[in-house]
Amino acid sequence: MTLDFFALTLLIPLLSGILLSFAGERHWAPHLNIIASAATFLSAAGLTAEIIDQGPRFAFGEQFFIDSMNVFFVTLTAFVGMTTAIFSDPYMKNDRSHGKLTPARLRLYKSMYQLFMCTMLVALTTNNLGILWVAMEAATLTTVLLVSLYRSPASLEAAWKYFILCGVGIAQALFGTILLYFAAERILGESGTALLWSHLVEVKGQLDPTIMALAFIFLLVGYGTKVGLAPMHNWLPDAHAEGPTPVSAVLSGLLLNVALYAILRCKVLADGALHTDFAGNLMMGFGIFTLLAAAFFLGRQRDVKRMFAYSSIEHMGIITFAFGMGGPVASFAGFLHMTMHSLVKSAIFFAVGHAAQKCGTQIMEDIRGLKRINPLIGWGLMLGTLAILGMPPFGVFASEFMILTHAMKFHPWATPFLLLGLGVAFASILAKVQPMVFGESEAKPLPHAPAITPVFVHLGLALMMGLWIPPYLSRWFLEAARMLG
Amino acid sequence: MSQAVPLYAQLINLLAAVILLLGFAMLAQRRVIQLIDLFALQGFALFLSTLVVAVKTGQHHLFYSAGLTLVLKVILLPWILHRLVRKLHIKGEVEGLINIPTTTLIGLGLVIIAFNVATPISQLSSTITRGTLGIALATVMLAFLMMITRKKAITQVVGFLAMENGLFLAATSATYGMPMVVELGIALDVLVGMVILGVFFFQIRDQFDSLDIHHMEQLKE
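If you read the protein sequences in the order shown, they are chains G and F. The first sequence lines up with residues 1 to 485 when you count with my numbering. The second sequence lines up with residues 1 to 221 when you count with my numbering.
To be clear, the hints were calculated from the coordinates, so they are not data collected in a lab. Fair warning: this is a prediction, and the values are worked out from it, not measured in the lab. Note that CB positions come from ideal geometry on N, CA and C, so glycine has one too. One or more hints might be untrue.
[What the hints assert, rightly or not] Some but not every residue of chain G turned toward chain F, in silico, with C-beta under 10 Å:
# : residue
1 : 15
2 : 18
3 : 185
[Stated by the list, open to error] Partial list, derived from the structure: chain G residues whose beta carbon lies under 7 Å from chain F:
#  : residue
4  : 137
5  : 141
6  : 144
7  : 150
8  : 153
9  : 156
10 : 164
11 : 167
12 : 171
13 : 175
14 : 178
15 : 182
16 : 206
17 : 209
18 : 430
19 : 461
[As the list claims (entries may be wrong)] Quick list of the computed label-pair ranges, beta carbon to beta carbon:
#  : chain 1 : residue 1 : chain 2 : residue 2 : range
20 : G       : 104       : F       : 89        : 24 to 34 Å
21 : F       : 63        : G       : 300       : 52 to 62 Å
22 : F       : 67        : G       : 376       : 55 to 65 Å
23 : G       : 58        : F       : 11        : 48 to 58 Å
So here's chain F without its partners, still in its complex pose (with noise of 0.2 Å):
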């Protein structure tokens, strides 16, 4: 590009890529309360670039989606992670099934192809934003490997609410946001689920004495 990007622009290609970055060092992380901190930290960036682009677009539902994002991922959420880590006493290191550094490299991968699958979708945009729609896929896919890879209940439940954190960043980028009632809907579901989650954990770890997925092997085929 010749021509000079303007700073709002700018700025939210540079919140778009901390986004992703997040995405990699969660992927990268092996301590379960820094994953969670390191979600939060997603979640805050992810609300300063809607901030930004309804402030720069004056698309008055972009400032409540921002704030949705500002009560639930960054405060709520966490909060009730953090709680759950400290009640069902959490510690150490999350095992991981696949080492990390071929994580990363298959991360790598992913981001390339899912910049290869947005690139066509972008250029029809024609929102201030559309350059991050590739990032915003890209962010899905490494949370789906995170899940994957991972073998802890709670390490995946992160990974899902990191992958609720790529979808929004899609739906900012390539359409300035879902319809306001469609928002309130799936951040209902977001928070009931991780009510839900939040009482499953228990049973589990009544049932198991531990939240490593790795017992659960018993149901094949």
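Okay, chain G solo, but in the shape it has when bound (with noise of 0.2 Å):
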């Protein structure tokens, strides 16, 4: 076996995890967090030209699958992986200055940091449902100790919630596994290739009906509650406040996805095996039940963390709903709606980490005047917002759009909850972020300049998906959205 991209992909984050992890206060030690970073995002570039090259591959015998599917994820991953170590470093330096943190909690966060890209990578590119379970729940306990950094109470508690209601949930997919394990291996028999799912999506006709159903409902709450689907949310609003910036971002952006990925990938083998819409049914129910209880829970906040999270949760109920209608045109959306989301969504949290900082709160009504603080900042702010809402040029219109009008077209009983959702949470987004932009402030300068070009990299990627999309891309995009049928 020779070193390749994927390996590369993988062995980058773990190796450089364990590093930093002894690196403590060198001074080198912030730099290897971004280099490498960077390099699992070169790494994973190259395997998507060789993958748009030359087709899917397995790796590692048949252990690891790549295909147009899960590459496009792994390459969302490490990117947002890389913009947000690079934003992660002055804000964590700030953070220091301002006594939140001692350097032994800063070597923890870093190396914690390339631990959990490095499980969201296995999560992503594995080819045995039962090792996905695995680096899902890696995926928890890497981050636990994270969102708990600030040892506040607030923090604490978050944590210990995220923790237990994620193990809850974590363990219903183990039960689906465990079922959907016993469907194939009476078809497969014990050979242990049962759970891989290249073989799997081979006989997903021959599948028992019954237990695929039940599979599925334990899959889909399971994962589910990690994507933030309502009524499993609660740990979602909390871990993403009380945890450090950088963390929100990568959890809004990209753990949210992952779980989303790992029920995509359990619905193929549901509805090859059922022959009905029920597992489509299922996702579009609670994707309009998440969308609608978010959307009435965001005018409630003051926490502007929380706010943002609680947008995060309505966008995965969209989403959701999407991939529920299947078909091709509503998973292309679905898959344009998860990358629009992942870009702006990591951008707001981005530009709010500073304000927040600069105000030296997260309450909304105490932030006022970011763009006199620093005009990048607040305009950053406000275009990221204005690009969540879905507003046109950007691609969140773009996607929001198609899945509107699919959803018209065959589904017009959702149509009125749709634009409920979408606009109450229009209204109550917009009143409280723009007197957060604008107005009157005296805010002190921050001893580290922030790092304002992530935000802006984003927000240029999500402009100009709205308004022209690669095609490469777009046909990358339909490829993945024809494997799921």
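Grab the two chains, each in its own frame, and use the hints to assemble them into the complex.
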């Protein structure tokens, strides 16, 4: 086995995570975090080029499987991982000079950050549904201590809730996986291949429908807890609001995607076995309910990171609904929306993080006049908010428009709910963000200049995808959407 | 059933019943130390039942997973838990949100639901242990109930681990266990999770001077 792009993509975060845990206060440690993330992204890009060129491939026997669907998530994960690492460098230094963090905790943060990236990449690329579960649980474990990094009472409570709720959720997913294995073993035998997705998908028509229906319910509820689907979403706003902002950005922009990816892989199998829309209907129901629940909680928030966490829940609801509708168009829109949400939401968290640091608070009423303090942060937050609310010409508009028109055509009952949810969310968020950006303030400058570039790189990409999706990217989305059936 | 049930099947069913009974005992137990002992006992019953299945079917990897159960759930995890209890000076009774008789009654209802859900599936199974799938699901649900109704952080963790026991029983009873690599991964996750929780307990105690999660009620909505 020669060292290839795939092996590099997994090994770089793993090794640098271990290295960083020993690095301590060395002056090169923050640079290593950024360099490792950039190297991961480069090798992920190399892997993508390879997959586009040569089609799906296996790695390490059949244990890993990379196709057009997951390579897209791998690139996105590595990209946001890189920009978040760039953003987090000045952010964490500022936190340190404010006395919120000690060197030991900074070391923990950097090391766990890389290991977290590694677990997500393993979850995305593994062919084994059991390993997928293991990696998802490992992703929770690596982030629990990051959520409680500040050691404040609220952050400890958030981390505890995160651990217990996601632990319970993921236990349901394990039961679902056991049922899936049980259904598969009757056909594929006990050769150990019965949990390999590439084998399962070939025999999906023969899997027992009764078992598969039950397995999918457990898997949806289990992984859905991590996606943040209502009513299992309780951990999400707490973990996002109380953890450090870079962690909020990767939780929102990446972890939710990975959990949704796990559901999608299982849906393909459930659809094949059931020959009905059972799985899709279930996802549509959860999606709509999540959208509405989040939209109505949005208006009651006072903490800016909490509010945007609810906005993430709302968008996850929309995406789940889109994939629930199924078909190439809706799935295409779902993938596009996932990409847009990752980019825009992490950009917003970057801007919010700096803003909260400048004003020394996360309470929205106390954050005023961002445009005056730092025009770039102010405009970054305003544009990001407009983008996430689905204003043209940003990419979120394109995907939401596609989802809405598709829903009107095939599931007209859902249209009023979708419009209501989107409308309420629009009004609540805009009304709160506007006074934060405009208005008066006399906050002091920060000791370390914030990294603004990632915010505008993300927003620029979202703008570009709203106006023009590069042909290779749309081909890639289409191929992934076709795989979902 | 009119024909005689073979001895090994009787043994497996008996052990499964013991596991379920221990699940109820944990639900009703007020003291932390005894709760941990009950958890270790449940792990031991799980080990025995896995061993019986392993001997009967001759599946190699089941021997390994039985060994893993013995080391992890009977020795290592209870040891860590006992250490934590000693170091953190957790004493006295575990306060429940609902009183014990009510909890037990709810648990009874859950068992009935679990059996109803599991029956159609276990009929499709060809393993010698298929009857125990319902018990496994019931164990998971009882542990879940324990997590919901208890206020102390450490009882929630024991509930979490008991849930893992139930899932493990489900895996052995429906399919003779998951592939080895997956089982190792799950064991690793549980162990790492336990270590992280240990760290976490100290953080909670330092911050709140108590391990009662009642104090953690700031975050709402």
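Given hint residue 185 of chain G near chain F, where the shortest CB pair must fall under 10 Å: holds, 5 Å
Range hint 52 to 62 Å (beta carbons of residue 63 of chain F and residue 300 of chain G) holds or violated: This hint holds: roughly 55 Å between Cβ atoms.
Hint validity - residue 430 of chain G Cβ closer than 7 Å to any chain F Cβ: violated, 20 Å
Satisfaction of the residue 209 of chain G interface hint, Cβ to chain F closer than 7 Å: With a minimum Cβ separation of about 11 Å from chain F (threshold 7 Å), the hint on residue 209 of chain G is violated.
Satisfaction of the residue 182 of chain G interface hint, Cβ to chain F closer than 7 Å: holds, 4 Å
Hint validity - residue 141 of chain G Cβ closer than 7 Å to any chain F Cβ: The hint holds - residue 141 of chain G has a Cβ within 7 Å of chain F, the shortest such distance being about 5 Å.
Given hint residue 164 of chain G near chain F, where the shortest CB pair must fall under 7 Å: Where the cut-off is 7 Å and the nearest Cβ of chain F is about 6 Å from residue 164 of chain G, the hint holds.
Interface hint status, residue 153 of chain G versus chain F (Cβ within 7 Å): Result: holds, 5 Å to nearest chain F Cβ.
Chain F contact restraint on residue 167 of chain G - CB to CB distance below 7 Å: holds, 6 Å
Interface hint compliance - residue 171 of chain G to chain F, C-beta minimum distance less than 7 Å: Nearest chain F Cβ about 5 Å off; hint holds.
Given hint residue 18 of chain G near chain F, where the shortest CB pair must fall under 10 Å: violated, 14 Å
Hint check, residue 206 of chain G versus chain F [nearest Cβ-Cβ separation less than 7 Å]: For residue 206 of chain G, the interface hint is violated, since the closest Cβ of chain F sits about 13 Å away, which is over 7 Å.
Against the hints set out earlier in the document, violations occur for numbers 1, 2, 7, 16, 17, 18, 19 and 23.
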